[in-house]
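Engineer: Listed below, chain by chain, are the residues.
4 protein chains.
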Amino acid sequence: MISLEHANRIVGATLEKGKALGLKPLTVAVLDAGGDLVAFARSDHSSAMRPQIAMGKAGGALALGVSSRTVGDMAADRPSFIASLGPISRHGVIPAAGGVLITDGNGTLLGAVGVTGDTSDNDESCALAGIESAGLKAKN
Amino acid sequence: MISLEHANRIVGATLEKGKALGLKPLTVAVLDAGGDLVAFARSDHSSAMRPQIAMGKAGGALALGVSSRTVGDMAADRPSFIASLGPISRHGVIPAAGGVLITDGNGTLLGAVGVTGDTSDNDESCALAGIESAGLKAKN
Amino acid sequence: MISLEHANRIVGATLEKGKALGLKPLTVAVLDAGGDLVAFARSDHSSAMRPQIAMGKAGGALALGVSSRTVGDMAADRPSFIASLGPISRHGVIPAAGGVLITDGNGTLLGAVGVTGDTSDNDESCALAGIESAGLKAKN
Amino acid sequence: MISLEHANRIVGATLEKGKALGLKPLTVAVLDAGGDLVAFARSDHSSAMRPQIAMGKAGGALALGVSSRTVGDMAADRPSFIASLGPISRHGVIPAAGGVLITDGNGTLLGAVGVTGDTSDNDESCALAGIESAGLKAKN
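Chains as they are written, first to last, in this note's numbering: chain A, 242 to 381; chain B, 242 to 381; chain C, 242 to 381; chain D, 242 to 381.
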């Protein structure tokens with residue numbers, strides 16, 4: 242399981258990366274491997290639904306065992322299938338980049354981070370920077 | 242926050258506009274900026290799901306910070322992404338015109354109105370007439 | 242089915258009764274016999290959960306075919322049974338006075354009104370005044 | 242609305258207070274006045290449901306406009322009524338101390354903090370310390 246210390250580093254470094262890149266205000270959620278929330282921050286001036294989107298990117302990645310970018314690719318191929326998963330998933334399933342699985346150096350799954358607020362590509366870049374800053378690995 | 246007096250004016254003027262244009266029976270919901278219902282009316286002979294559609298237009302506009310017409314444009318570009326938001330949104334997210342954000346003269350967000358019953362374009366026209374009648378502004 | 246005209250009269254007269262009695266700000270919901278919302282108003286300075294409580298009083302009354310006062314009596318006798326109904330009921334089931342079934346002069350069920358904001362007894366008094374003002378009958 | 246900076250201070254100071262008192266691992270959630278999550282942390286070795294309990298204490302306080310300690314007092318008097326609110330409340334309604342409303346110096350409601358992990362009394366003590374540390378006020 243991911244520690245609060247690691248999760249807080251991911252949240253902090255993700256937000257810093259967003260500021261360094263001049264992005265729109267970001268929201269970041271870190272879930273453990275069981276899908277329970279560990280750490281979270283929503284930047285000022287974010288729109289109301291950002292918490293659910295951040296958790297839905299991370300939760301969907303955990304639910305399907307791939308990044309939310311790959312969930313997006315799956316949705317392009319099989320839109321009805323991916324849409325059907327949302328109502329039966331604890332945090333929903335958001336098919337857009339920004340949700341990334343977190344592993345330790347040995348490939349053990351620790352959890353997932355979900356980022357939202359700017360473009361999906363930028364959200365994902367910040368998520369990857371956050372994971373790296375904590376000394377952990379993103380699962381490809 | 243929007244007052245009940247303002248919300249009732251929006252509801253009343255929206256319904257009057259629909260009658261003046263000879264539209265099908267309309268349903269109108271006004272939510273405050275936090276997404277809580279303030280005023281609501283469903284015309285006689287409306288179908289059963291109209292309350293949820295009206296709230297889903299207004300609630301989706303609040304969730305994403307744009308009109309439900311713009312949500313519809315987003316859904317045309319990214320259908321799976323917009324579809325994924327419904328199950329994790331309090332009132333759902335309806336991607337069709339008729340949900341309009343309400344501001345005061347200074348740009349402060351007060352809430353949103355959602356209208357359904359006729360074509361989406363006509364629903365939106367009546368929503369805009371309702372907001373104007375209350376002396377408030379639609380957010381573009 | 243209850244007409245919007247009748248439902249609006251009930252909402253308006255219920256709020257007026259509350260003001261005449263100097264009660265706290267009231268929230269009023271009128272559902273049709275199928276449980277769909279017809280008319281609604283939330284007074285300024287109400288707490289956030291009032292819409293759900295008003296609909297939960299009216300919806301619980303419809304669900305069990307008695308007033309929400311009687312639902313409260315049932316809950317005193319069988320608390321676990323009544324508590325179990327909330328999660329499977331569309332609007333929840335609130336076991337407190339203020340939700341009243343509405344009939345026409347011939348005993349036909351038209352819908353229900355739910356009122357919240359002051360004491361349950363006062364909420365119910367206003368609901369009864371609202372129904373009477375519309376020329377309809379409360380089901381005992 | 243409460244800023245992320247304030248919310249993060251509340252979370253950090255609440256956890257520090259828990260450590261200083263030698264309490265069990267705490268979970269802390271800060272919601273804004275509309276009930277949306279702003280900042281969150283769950284200490285290592287917490288049980289799985291702590292996120293929902295923390296949000297249910299804060300969310301119940303916001304829903305009813307009182308502390309979750311007072312919600313607990315209400316539940317002692319009217320158990321079925323308070324139990325009925327959970328299923329229709331966005332974050333549930335937890336009737337136990339540890340959820341505290343947050344105001345600025347002028348009495349404006351900014352949001353609520355929910356704390357769980359130790360006894361309810363200790364949870365609440367830490368919540369109060371967190372709010373004070375951020376230079377804000379608990380609503381009595």
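Hint data in this document are derived by calculation from the structure and do not stem from the laboratory. Heads up, a few of these hints could be off.
[Claimed, not checked] List of simulated lysine to aspartate or glutamate pairs, EDC-like, C-alpha gap at most 16 Å:
no.	chain 1	residue 1	chain 2	residue 2
1	C	Lys260	C	Asp359
2	A	Lys380	A	Asp345
3	C	Lys378	C	Asp345
4	A	Lys260	D	Glu246
5	A	Lys260	A	Asp359
6	B	Lys378	B	Asp345
7	C	Lys260	C	Asp277
8	A	Lys265	A	Asp285
9	B	Lys260	C	Asp345
10	C	Lys260	B	Glu246
11	D	Lys380	D	Asp359
12	D	Lys260	A	Asp345
Engineer: Give a verdict on every hint.
Structural biologist: Outcome of the hint check:
Proximity of C/Lys260 to C/Asp359 is assessed by CA-CA distance (about 11 Å); at most 16 Å being required, the pair is judged to hold. Proximity of A/Lys380 to A/Asp345 is assessed by CA-CA distance (about 9 Å); at most 16 Å being required, the pair is judged to hold. Distance hint between C/Lys378 and C/Asp345 is fulfilled; the C-alpha atoms sit about 6 Å from each other, no more than 16 Å. Restraint check: the Cα-Cα separation between A/Lys260 and D/Glu246 comes to about 15 Å, which is no more than 16 Å; the hinted pair holds.
The suggested pairing of A/Lys260 with A/Asp359 holds, with an alpha-carbon distance near 11 Å, which does not exceed 16 Å. For the hint linking B/Lys378 to B/Asp345, the alpha-carbon distance of about 6 Å falls within 16 Å, and the restraint holds. The suggested pairing of C/Lys260 with C/Asp277 is violated, with an alpha-carbon distance near 27 Å, which exceeds 16 Å. Among the hinted pairs, A/Lys265 with A/Asp285 is consistent with the structure: their alpha-carbon atoms are about 10 Å apart, no more than 16 Å.
Between the alpha carbons of B/Lys260 and C/Asp345 the distance comes to roughly 27 Å, so the proposed pair goes past 16 Å and is violated. A distance of roughly 15 Å separates the Cα atoms of C/Lys260 and B/Glu246; the hinted pair therefore holds under the 16 Å criterion. Using a Cα cut-off of 16 Å, the hinted pair D/Lys380 and D/Asp359 is violated, with the two alpha carbons roughly 22 Å apart. Between D/Lys260 and A/Asp345 the CA atoms are separated by roughly 27 Å; this puts the pair beyond 16 Å, and the hint is violated.
Checked against the numbered hints above, the structure violates hints 7, 9, 11 and 12; every other hint is satisfied.
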